[in-house]
Amino acid sequence: MTRLWKETGFVTDDPWVIETEEVKAEGNQRPLLDLEAVIARADESNDVGLGVLLKPSDDVSRLEPYLYRLELIAVSFPAFNDGRGFSQASLLRERLGFANEIRAVGDVLIDQIPLMIRCGIDSFAVSNATALKRLEEGRLPGIAEHYQPTVKAAEKTQSYSWRRTAKPAA
Amino acid sequence: MYRYDEFDHAFVAERVAQFRDQVERRLSGELAEDAFKPLRLMNGVYLQLHAYMLRIAIPYGTLNSRQMRMLAHVARKYDRGYGHFTTRQNIQFNWPRLSDTPDILADLATVEMHAIQTSGNCIRNVTADHFAGAAADEVADPRPYAEILRQWSSVHPEFSFLPRKFKIAVTGAERDRAAIQVHDIGLHLKKNDQGEIGFAVYVGGGQGRTPMIAKKIRDFLPEEDLLSYTTAIMRVYNLHGRRDNKYKARIKILVHETGAEELARQVEVEFAELKNTELKLPDADIQAIATYFAPPALEPRAEGWANLAQWKKADADFARWVHQNVQPHKHPDYGMVTISLKPIGGIPGDATDAQMEAVADLAEEYAFDEIRVSHEQNLILPHVALADLEAVYRGLAAAGLATANAGLITDIIACPGLDYCALANARSIPVAQEISERFGDPARQAEIGELKIKISGCINACGHHHVGHIGLLGVEKKGAELYQITLGGSGDEHTSIGEIIGRGFEPEKVTDAVEAIVDTYLGLRLDPSETFLAAYRRVGPQPFKDALYGSAAEAA
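Line order of the protein sequences matches chains A and B. Quick note: the first sequence uses my numbering, first residue 1, plus one each step. Quick note: the second sequence uses my numbering, first residue 1001, plus one each step.
Derived from the structure by calculation, the hints contain no laboratory data. Treat the hints with care, as some may be off.
[Said to hold, decoys possible] Covered by chain B, according to a simulated footprint, are these stretches of chain A (three or more residues, beta-carbon under 8 angstroms):
1. 15-25
2. 74-83
3. 86-92
4. 107-117
5. 150-162
[Stated by the list, open to error] Sample of chain B residues at the chain A side, in silico, Cβ under 8 angstroms:
6. M1001
7. D1005
8. E1014
9. Q1018
10. D1021
11. A1035
12. L1162
13. R1242
14. R1243
15. E1273
16. E1278
Remember, it's a predicted structure, so these values are computed and weren't measured experimentally. The beta carbon of each residue, even a glycine, is placed where N, CA and C say it ideally should be.
Please model the entire structure based on the sequences and the hints provided.
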């Protein structure tokens, strides 16, 4: 089963639902709309607190006028080797300045989560058994030394401009 | 050369620990092969026909003696006593056990080496001119920029799951010895009218089943923008490169389908946003990295001129080796030595542990502790005093490494082919060996002159056949091996893709076919200074077609 994880731990009261033929948002649940639907909803209403589920091929810049009305943007990884979501998340944070939640959904594996975090993704819908086990044990396989700046805050080092470290400077 | 600081050491140590954990999960069955595959690939571990293969990164082909000795140690302890230097200036070992690979990587880490991103759909080992820092025609040393790119691309969180692999090459001279126009990104270091350093940027070259020559999308990119502009290219590619078909997933297809102008426009739009961010390179950082690559203190050794003349007179073999394998250095008392890994009848690119030790010893004693791996699968000692050439030659000869054939017809590039590779359709090594034997006579090779034969055992073109003056591509037809011949390819500053000359040849006939091509060239060249490539470009394919397929009687 799918559980939602953040760097602070597992989250149990998440309201967002990816709607399918069988599954619909009900009660306090809230649906994740696709890009076209969320734009349509935003255009024809004053709703805020919307959620959108992006496909890897979606152009994130189309969300720019609506960002302040979005509470959650989910980027999807239909397979672990489809890395477009890393760029989508990076653009949403760096370029568009989106500050609310960005969630990884789909094939979210333990070895990719540290990279996703660095690209600004901050919640993870995880189904993979190994990933769930490791997250429960608090064992993320990340490397503290980074050779490139990314949107995720990290300390500058004493050396080259492009280096960052997840460890605070001594 | 570059030296690790604490940060680099910590990074590699953590990476080894991470991989050890992944291997343990795989061996325990917790991690399935399909999920393990991209992880092992990004640490250089392939699953080949008979065994795992470990490909170790040699950034821009630069090694010191200690590192070379470690490679010898790995060959001895974990493999079968030899390694194979590759066309990406790396080395691969063909027989390691998966369970040993974390230990191998830990051993390598002690000499500042690793196998990070030698495979997988990520940014691969950055390559550069193997004569960098020594060549007389160099505008600037490409290695500091290759090192900056190496660091920046290491475990890049945004670009670790690209549509396909991604190769960057840097050259610092007009004469392109890094084949930059057949790379995903090719960087040509140059100076502008104000004397500032920058790059001409080429994108979308590559070989494989759809060979393409890269398009220049920037004539002059200031050096401070190297990382921001490269990031812009990578981002456009990561988002828009095709993922529906792995054979159309390289950036060359995106460039081809989008059009170079439109792609350049998209890159510029992205670059405009990235230009003045933290990716901008401070001059102090470029200088700090460049300091690592400062040339060794080359004392005047003018006595070498007279010595050399005497030695050459006394020993014809030595004279031939100097003529063929030693090239002028920017310092007139020194030379750049090519150590051929192409003994007559041998396996191109292979070296035994004892040979690696011998090269390490010679580099330490005579060559300022520097060794390079060339993309043509040879080793280079970039700084050798002419006065020391004789001693170096004797040392190489004792190790079976003094074959005087650099750039000649027996200096063949070949992929591992069906003898090792899971992708291959045909063998490459035996074909290379037979051609090498056929043309092994030194006088005959010298008569033929510069001629690059490159052999790939499948359409993935690891043997670079598309840019061989004579290229051989092994294909499978009705269960049998067949070799298709291309002519006129070249991987230099005048890059061209070879043209298929006609139907393929059976393994037992391919050497005869090559010989017929060579004889045709010898018969039609204007004079001995007209190389095979120049002659081919002048006359075109027809005389060669006639020679190969001429009359029905000859074919029968």
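Hints and how they fare:
Closer than 8 angstroms: that is the beta-carbon criterion, and the region 15-25 of chain A has 0 residues meeting it against chain B, so the requirement of 3 is violated. For the region 74-83 of chain A, the stated coverage by chain B holds: 4 residues have a C-beta nearer than 8 angstroms to a C-beta of that chain, and at least 3 were required. For the region 86-92 of chain A, the proposed coverage by chain B is satisfied: 5 residues have a C-beta within less than 8 angstroms of a C-beta in that chain, meeting the threshold of three. Closer than 8 angstroms: that is the beta-carbon criterion, and the region 107-117 of chain A has 6 residues meeting it against chain B, so the requirement of 3 holds.
Against chain B, the region 150-162 of chain A contributes 6 residues with a C-beta closer than 8 angstroms to a partner C-beta. That satisfies the three-residue criterion, and the hint holds. Given the 8 angstroms rule on beta carbons, the hint for M1001(B) is violated: about 17 angstroms separates it from the nearest Cβ of chain A. The restraint placing D1005(B) at the interface with chain A holds, with a minimum CB-CB distance near 6 angstroms, inside the 8 angstroms limit. Against a cut-off of 8 angstroms between C-beta atoms, the interface hint on E1014(B) holds, since the closest Cβ of chain A lies about 4 angstroms away.
Hint status for Q1018(B): holds, given a least beta-carbon distance of 5 angstroms to chain A, under 8 angstroms. For the restraint placing D1021(B) at the interface with chain A, the shortest Cβ-Cβ distance is roughly 6 angstroms, inside the 8 angstroms limit, so the hint holds. A hinted interface residue such as A1035(B) counts as satisfied when its beta carbon comes closer than 8 angstroms to some beta carbon of chain A; here the least separation is about 6 angstroms, so the hint holds. Interface restraint check: L1162(B) against chain A, minimum CB-CB distance 6 angstroms, threshold 8 angstroms, status holds.
With a least beta-carbon distance of about 11 angstroms to chain A, the hint placing R1242(B) at the interface is violated under the 8 angstroms criterion. Given hint, R1243(B) at the interface with chain A, holds; its Cβ is 6 angstroms from that chain's nearest Cβ, closer than 8 angstroms. Using the Cβ-Cβ criterion of 8 angstroms, the hint placing E1273(B) at the interface with chain A is satisfied: the shortest such distance is roughly 6 angstroms. Of the supplied interface hints, the one on E1278(B) holds, with its beta-carbon coming within about 4 angstroms of a beta-carbon of chain A, less than 8 angstroms.
When the structure is compared with the earlier hints, violations turn up for hints 1, 6, 13 and for no others.
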